[in-house]
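Q: Listed below, chain by chain, are the residues.
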Amino acid sequence: MTQGKFIWQQGIKIGLIGGIVEVLLALVGMIEAFSQRDIVSHIISMGHTLLLLVILFMAYLAAKRTPRTEPLWVLINSFISGLIVGGVLALLVIVGGLINLRKVFINASPLLYQLLTFDQGVKAGIPLLLGGGGLSGLLAGLLYLASKLLRRVLIISLGSVVGVGVLQDLLRPTFALWGPLAVINEWLFTANGLTFHGTMGLFVLIALLSYFWAQKGNAIRADLKRLSPTSQRALRITSFLLLIMILLALPQIFGLFLSEVFTIVGLYVLLGLGLNIVVGFAGLLDLGYVAFFAIGAYTVAVLTSPELGFFSLSFWGALPFAIFMGVLSGVLLGIPVLKMRGDYLAIATLGFGEIIRILVLSDFLRPWLGGAQGIGKIPKASLGSIEFATPQQIYYLILAGCLLVGFISLRLRDSRLGRAWMAVREDEDVAQAMGINLVSTKLLAFATGAAFSALSGAIFASKLGSVYPHSFNVMISINILCLIIVGGMGSIPGVLVGAIALVGLPELLREFAEYRLLVYGAALVAMMLLRPAGLWPEALRRRELHGGESAETESPSGFEPSK
Amino acid sequence: MLKRWRERTTPTDIVMWFIGAGILTLVIWGSAATLTEGRYTSHHWFDFIIFGLAQGSIYALIAMGYTMVYGILRMINFAHSEVFMSGPYTAYYVAAAFYSSGFLDSQPIISLIIIFIVSMATSTLIALLLERIAYRPLRTAPRLVPLITAIGASFFLQYTFRGLYGSGFQAYPVVKILEGEWMFGEFRILKFQALVIVAAALLMAALYSFIQRSRIGKAIRAVSEDKEISSLMGINIDRMIVTTFVIGGMSAGAAGVLYAVMFKQVHFFMGFIPGIKAFTAAVLGGIGNIPGAMLGGIFLGLVESVGPSLFLDGLGIVAPYQLKDAIAFIMLVLILIFRPSGILGERLAVKKA
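If you're matching them up, the sequences are chains B and P in order.
Per this note's numbering, numbering through the first sequence is continuous, rising by one, with the last residue being 563.
Per this note's numbering, numbering through the second sequence is continuous, rising by one, with the last residue being 1353.
Among the clues, some could well be false.
[To be verified] Using C-beta positions, here's what the derived DEER-type ranges look like:
no. : chain 1 : residue 1 : chain 2 : residue 2 : range
1   : P       : Ile1023   : B       : Met475    : 51 to 61 Å
2   : B       : Arg366    : P       : His1044   : 20 to 30 Å
3   : P       : Ser1214   : B       : Leu16     : 27 to 37 Å
4   : P       : Leu1128   : B       : Ile7      : 21 to 31 Å
5   : P       : Gly1020   : B       : Ala513    : 43 to 53 Å
6   : P       : Ile1110   : B       : Leu111    : 48 to 58 Å
7   : B       : Leu241    : P       : Ser1167   : 44 to 54 Å
8   : B       : Trp368    : P       : Tyr1321   : 18 to 28 Å
9   : B       : Leu535    : P       : Ser1167   : 27 to 37 Å
10  : B       : Met245    : P       : Tyr1321   : 48 to 58 Å
11  : B       : Trp368    : P       : Ala1194   : 36 to 46 Å
12  : P       : Asp1226   : B       : Ala513    : 45 to 55 Å
13  : P       : Arg1339   : B       : Thr390    : 34 to 44 Å
14  : P       : Arg1215   : B       : Ile7      : 38 to 48 Å
I should point out that these hints are in silico values taken from the structure, not numbers from a laboratory.
C-beta: ideal position from N, C-alpha, C; glycine also.
Chain P with its partners taken away, still in its complex shape (with noise of 0.2 Å):
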């Protein structure tokens, strides 16, 4: 038995064993003695898990597309993070226009349902425009070009909305109603962080059935099994794909604006690391999984959210959050190395890459 398994094991699997053992032991260190100090009360630790559950399905949202594309593709949509920032960054200008106009103020919902339609409909568009010029013509291409596309066009959004709209941050005005908070009992949640859980909540749920029950979902699911059968049953591959685009796109639209609401501003590079955190969560749930994705998503934000006080603080770290970031990419590594079919994903990785 032990010989067996000697035999397996090679240098490069001890080596990681160690690794693995090592970082375990340190999260378990530092949240220990974060624990037995008790530095923060409870009020700080139900901060800490709304703010990293508003995140998250931030997060949860822009990795359906990844997962989706890479599902269909096989695929990473490098580009999908300026999907996600050409929409809130478009609808800021509406957004402004409503709120020099008074509208905003007067009307706030339906304001807000068109700024959500408008951040929707660009991101949408983004993501058509990139399936039909850069990846359509890839498709038989070896693995590494579409990929390599995909980074160049995600650099060539990213300065051409740069260009377009200027290089400053721009300030999201500020919705009225979303300002304040409500009190459940001694805790309290800020109104804006609630939307973007609810809201956030309903798309994926909405999303969620689509995939699952109406015939479109049925198809694209076909096709990301096998194309090549699909195509003989009779399901247009190419819509499919291009259906994909667009639901990734439009929960892309839909993510941008929830940011904007929650940190209150855009600027032609915020797609980069959350698209790079999304990608993680994506991973995290197993890459071409959609609950995956969603999980993985919300799981990330906690962790960032939490982690930072609960282990670094407790290795006696200064300023922990400045390394919040290093948190999810050391994470993306460690799933990349560990387990890189994610928490409830297929061997993907193993077999199809």
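Okay, chain B solo, but in the shape it has when bound (with noise of 0.2 Å):
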């Protein structure tokens, strides 16, 4: 950390970047779409909370950049960052009343300035505006100074609010479905947001929950040690099996609606767990992995389409196949790739993925693969007399692929072949120089990797009876790898949480999808800079990575590019 010739130096240079970051967002058009969405009814949008939440990440920043032992230095500098970064803003309000930069910034439009200064004008809006940042800065500031477990606190219970905010619709309709919670609906939820006397009962519920966790969590964590081993075995059985209970009845307790999210997340879990084997395991990185999911689904496509009329297999016919075809072109693309490592060996696969996506899309193959207008009319997979048609029928199908996968790719880990691909991933010389045979090791990577993928595609083609070469794009490849990625590489469970952050929220956030991408981008970056090993990092990596408790970096938002 450098120290500026000026202890206020870090105020100000925080300050800027805050503000280039909020005028960013603002001319993105994020600000703007998020303003539709109210957190508390009438008081305050999403929007004001993403733009309020910069200015607070900034200002702690800049507290956290001054010595801890000059608290007058602490707040001033919180509040000079603040106050710039509300002075950017009103810069921004400013020059774009004077000159119509719409023509080349789209988003740049009245409404935008409307909601920077308040609805007040600009008149009233600009003081608004640098006193609301100073204001807020110098919060962050005393938040900074504050006591550890108070500031626990106020930031879980904080944002449990937001979160609460931001998942309304997610929670609302559930809580309806279920007669007796349908009274939280009517003391919490107005149509467009929290009303106030529940945001503020929540946040003092959350904030004494929190306290009590602070104050007995390590007590209650130190009791369960302390049990026999039978019953510590005991409770993890019955933790586990309702886990499983909890997931059978996941689609039951919500609607249809999310239950289709959580056959898109679960689809995208299929997906990650086997890039993980690929990239988290044996250090592999693929970008044509999409191409894998491709080949599983036209697969099924094929095989069962009457459409085409080769052939006229069941879901569970074709499905073999599927796999078959998966771990054979994981093969082939293993084969030439082999000798290539690093960023060499990403460009060959992005190469391969576009390539059978070219092929897939092009009138050369159209007789046999559909061409532009890709498969339709593929049967729906069936059990007996059950179909699984409904999102809720087709979770379930998800589900059971999903354990399989996890089942599978944990047994993998702990195996002596898990073990060869961490030894490969560490270091590929050193892992020959003991005796591991690299051609088949990686082989079984992509293999395995291919597999699971081409599984995931299988399903997604009788989930959507249809398949079209544009569903096969780089995106896709780029989406597993961040979410693996973000929740840790290599690790398990950190597949479930990345699927669940970077698929299934923004399922959930309509206004979201358009900035998807810029955000992942954000993420991809700033998790490279800030926390490499990951949300839920492996528990090697974690041990590794023990030594000191490194200096937590919360990013309320996720939205700063880098700093």
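Put the two chains together into one complex, using the hints given.
A: Okay, here's the thing in structure tokens:
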């Protein structure tokens, strides 16, 4: 950390960076898009929350960069940075008033300026922005100076309130399904946003809970550790059974729409578990991973669809072929790239993925693969008399796939092969010197990953009932890569965390859809810069990194590109 | 002799030879079929070649950025395609303003120069920001980390520009003096293609002599040889890396305007495919090797433009032009497999990868 000549330099620098981030958020259109939803009804919208969170984060950062021994300077610095962030926004409003920025930046609309000035017009809005910025900066500085316990409780409860507000569309219909819980709806939600008393109540409730946990949490954990091994085992089994039961009940608890979201998350978990083996375990960066997904989906489509009329197998009849094709193509791709490492491998696999997509799309292969129109009328999977047709039913199919694949990955990780993969990941030459057969180890990684991906593709084809080449573009590979990196490379629970965070949440937040890849990109950069091990790092890595409790840089929104 | 050969060869090698031989046979067969059928006249071939040269020189300019950054940092700057996109997309607004005020028609050369400057400046700025924010903190990180960062940065930039400027295609205004064609005997050259080829050739010549002759160019080459020793020799490594990004950004910005002149539209996603192709060109010429990148770009442009009609058509493939991109990607994969050091390159891929 470089200490400038003047102690207040940090405040100004961070304030300017924050201001640029805010202006970017505004011009990209995020603020405006997010403003349609209120967090607290008629009091604060999601867009304003985003603005506020960036200011708080930046001011907190400014406070952190100031020596703690000088509390006055901490406050001044956080105040300055908040003030500057507000000032830069005010500048945007002034410039926007003088020049029509909209000719270039399509999102610099009058509505944006209204939002930025809180509907008060330019004259009243600018002092408001400056004052609000400075005040929030000061608050962040105070938060930094507060005791650790208070800071934690405040951050957790504020975060939860924002979380509940953001997820209101998910929670409200769910509560409404369950008679007694509908009361909560009345108390907590309005048509758009939380009620004021609900917000306050929720805040206090969460604050109390987190305070209680902070006080008693360690004691409870210690108690659990002191239990006899048999009862610990019993506890583990019960919690595992409970988890399975919850997973089975999910589509029944939440309605149709959420079941659809779960199925999408499940497909990505399947894909993520497969890529996790290739990238996370064996360290082979594969950017053409979507090709195997496409191969699985197209195999099922060609074998089952009456539209082409070559074969008319059932889903279960086609599934082994799909997985076999996946394994085969995994090996076929694997052989040529065996000698490549690192970035060359990444680019070669990217090329491979694109080749598959272009071939499928071309008129040349149209009689066999349907060309740009794709293949339709793929029959649904059925088991006895049950047909997996609605999202709620497909959910179980995917859940079964996820559990199976999760179990296999878990066993593989601890197997001889898994250790060989990790050895290759850490150092190829040393691994080879230790007697690991690089050829078979790498090919097995590609084949296993491809098999999982093909399984996912097969389910995807039967879920949609049709396949199109456009569903298999490079973005899917990037999405999957992103989710395993955010979750933590090589970590199996990390895949689930990543899939929920990067696939589930955007599905729930419609406003978010347009900025999905923007945020993914920023998240990838930010993760690599700040937390390369991921949100839920693999146990081994965590142990390696645990030396000193690394300074947690919690990004409140995850939108900061970097510092 | 035969025994030793058998000991050295693994089954994978044999599989690869078969793949290579198969592809070679297909190419020769297809070309022979097309040429004997005589479906295309020499005019067609001339047009294909000129188009390929123009497109190839754009690839070559973009490839400079890849190859120089790889040479100095040993990383693929995956976001270079967005450096390429940002320039002409921003300069579009200048061009559109010139067009609507009539300045573009009254002073076409001055306006083109201004458009070039704006585009090159924007691209350079983006390249600098990338280097400072995303890559500099990760210089000592494991190899995969900067690559993943670069992929993230690439998508972040793409969608930031989409958010800023909108998601539609923007039609680049037509420069009147670049319309029309020149006839050389029986062969014609479109004027804008001539501009692209000449401008790219001038820029590449300037860049090459800068790298070869100037003090800074020598310092950059020294740093890509060996960082530690060159820093002991008193070279400021940080400054050389920044300079490399500036050169890469400038050539990408210039390539961007040429691309816009040629295809007359800009889009936030326009960088992706040319980016990968330029990377292919860089690998083709031997990554880290500057003249190699230029040759590789031109070669790739030619193959892409001549290839579909030369050997795909002969094989009886319907609509061969749809597979134009596939040719480039297959070439990329093949080069990476058979000759990762490229046509002119040292054996970097094995030595340092």
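Q: Hint says 44 to 54 Å; check whether the CB-CB distance for Leu241(B) and Ser1167(P) agrees.
A: holds (48 Å)
Q: May I ask you to test the hint 27 to 37 Å on the CB atoms belonging to Ser1214(P) and Leu16(B)?
A: Check passed, 35 Å falls within 27 to 37 Å.
Q: The hint says 48 to 58 Å between Met245(B) and Tyr1321(P); measuring C-beta to C-beta, is that right?
A: holds (56 Å)
Q: Holds or violated: the 48 to 58 Å window for the beta-carbon distance between Ile1110(P) and Leu111(B)?
A: violated (38 Å)
Q: Take the C-beta atom of Arg366(B) and the C-beta atom of His1044(P), compute their distance, and say whether it sits inside 20 to 30 Å.
A: holds (26 Å)
Q: Mind checking the hinted window 38 to 48 Å against the Cβ distance between Arg1215(P) and Ile7(B)?
A: About 40 Å separates the Cβ atoms of Arg1215(P) and Ile7(B), which means 38 to 48 Å holds.
Q: Quick check: does the Cβ-Cβ distance between Ile1023(P) and Met475(B) fall within 51 to 61 Å?
A: violated (29 Å)
Q: Go ahead and decide if the range 18 to 28 Å is satisfied by the Cβ distance of Trp368(B) to Tyr1321(P).
A: Cβ of Trp368(B) to Cβ of Tyr1321(P): about 20 Å, so the range 18 to 28 Å holds.
Q: Are Gly1020(P) and Ala513(B) spaced within 43 to 53 Å by their CB atoms?
A: Taking Cβ atoms as reference, Gly1020(P) and Ala513(B) lie about 45 Å apart, which means the hint holds.
Q: Against the range 27 to 37 Å, how does the distance between the Cβ atoms of Leu535(B) and Ser1167(P) compare: consistent or not?
A: holds (30 Å)
Q: Just to be sure I understand the hint, the distance between the Cβ atoms of Arg1339(P) and Thr390(B) should be within 34 to 44 Å; is that true here?
A: violated (53 Å)
Q: Does the hinted range 21 to 31 Å hold for Leu1128(P) and Ile7(B) at CB?
A: holds (28 Å)
In this structure, the hints that do not hold are numbers 1, 6, 13, in rising order.
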